[in-house]
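*Asks:* The task is simple: from the sequences and hints, build the whole structure.
Here the sequence shown stands for residues -22 to -1, 1 to 153, numbered as in mature numbering (1 follows the signal peptide of the UniProt record, and there is no 0).
Simulated from the structure, these hints should not be mistaken for laboratory data.
Accuracy of the hints is not assured; some may be wrong.
[What the hints assert, rightly or not] Okay, the calculated beta carbon distance ranges per label pair: (1) G66 - F8: 14 to 22 Å; (2) A42 - Q4: 30 to 38 Å; (3) Q129 - E72: 29 to 37 Å; (4) Q17 - P39: 23 to 31 Å; (5) A42 - E75: 18 to 26 Å; (6) Q90 - R133: 30 to 38 Å; (7) D56 - D14: 18 to 26 Å.
[What the hints assert, rightly or not] BS3-like cross-link-like pairs, simulated, lysine-lysine; straight-line CA separation at most 27 Å: (8) K16 - K55; (9) K114 - K57; (10) K26 - K52; (11) K57 - K16; (12) K55 - K26; (13) K26 - K57; (14) K114 - K26; (15) K74 - K26; (16) K55 - K74; (17) K57 - K74; (18) K74 - K16; (19) K114 - K52; (20) K55 - K114; (21) K52 - K74.
A virtual CB, placed ideally from N, CA and C, is assigned to each residue, including glycine.
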Amino acid sequence: MKFFKRAIALSVLLLASATAVAATSQVPNFSFRDVDGKQHQFSQYRGKWVIVNYWATYCGPCVAELPALNSIAKRNKDKVVVLGMEAGETPTDELKEFATSRHLAFPVVPTQDSTMFALGLIYGVPTTFIVDPQGKVVDTHMGAISASQLQNYIRQDKRSSVAKEKDESCLTGVC
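*Replies:* So this is what it looks like as structure tokens:
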């Protein structure tokens, strides 16, 4: 019995440390094609927040969060890129029809070897990776995500840059 408890504890520690590393790691550049056949490089999104959402057409919570992802993509075109990485192996023609019928305003990417696990382990769908403008994974969210949760990352970045400017302009200590 002690052996099993130790094995479970060790597994949890290893998983936690792997997650901590993934949460601050630089995303390697990888290429992929969207449903329209357009070639993308992950590195082309540097300088913007990248929301990478792994989902499946047959997953209820995944489909339910699509309007939130669509809203973020439409309202923040200049500073955010949303990538819909379909992980359910839906055929490309069906996936294209699905995306068109829902008027998705972001690239939808069929399941590809290059995209699966490119940002970290996926234990289920939906899973969303939040990548900062410097290309580092700052958070991973398992389960449906809302527009307000996503918006908090964008606002947080804006607040931290304002605070940094204030700190730099206050070199004398008297502000």
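*Asks:* Output the indices of the hints that this structure fails to meet, ascending.
*Replies:* none
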